[in-house]
Amino acid sequence: MMARRAENFATLAANATQRVVRIIHGNTVFGLRAPIDLDVRDEGPYCLVEYEPLGLQGRGLDQEEALESFADQFWGMWEWIASADDPKLTQDARRLKRKMRSLVRSATPGA
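The numbering of the sequence shown is my numbering, which starts it at 1 and goes up by one.
These aren't lab readings, by the way, just hints derived from the structure by calculation.
Cβ atoms here follow ideal geometry from the backbone N, Cα and C, with glycine treated the same way.
Treat the hints loosely; a few may be bogus.
Stated by the list, open to error - Ranges of calculated distance between the beta carbons of each label pair, as one might list FRET restraints:
#1 R98 / G31: 11 to 21 Å
#2 P87 / D42: 38 to 48 Å
#3 D37 / L61: 14 to 24 Å
All chains should be built: construct the whole structure from the sequences, respecting the hints.
Take a look at the structure:
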């Protein structure tokens, strides 16, 4: 069975990378406490979408692919760092965990 691909990996206002309030990865919807702005730039043949405060960057051949990659990176950081027990994390990872948990209001399965 093929996974359903979400149409918007970052849910937003008019611009897909400004004032982002939700990030969608698969069946997980991350609700953010406050809107964030993602930095978008072209680098060679790639489009990059970045959120510098967390050090996250998505890359793709176009903006849609880069947003999908960004959502994947965001989910991975949530699963491997923000959801981990503190004793299992380095000091830097604990700092990232605090930043991420202060950014994310909710992480819930989508419909």
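Status of the hints after comparison with the structure:
1. Checked against the given bound of 11 to 21 Å, the beta carbons of R98 and G31, roughly 18 Å apart, stay inside it.
2. Our hint of 38 to 48 Å for P87 and D42 holds, since their Cβ atoms are close to 42 Å apart.
3. Checked against the hint of 14 to 24 Å, the pair D37 and L61 passes, with Cβ atoms roughly 23 Å apart.
Of the numbered hints stated above, none is contradicted by the structure.
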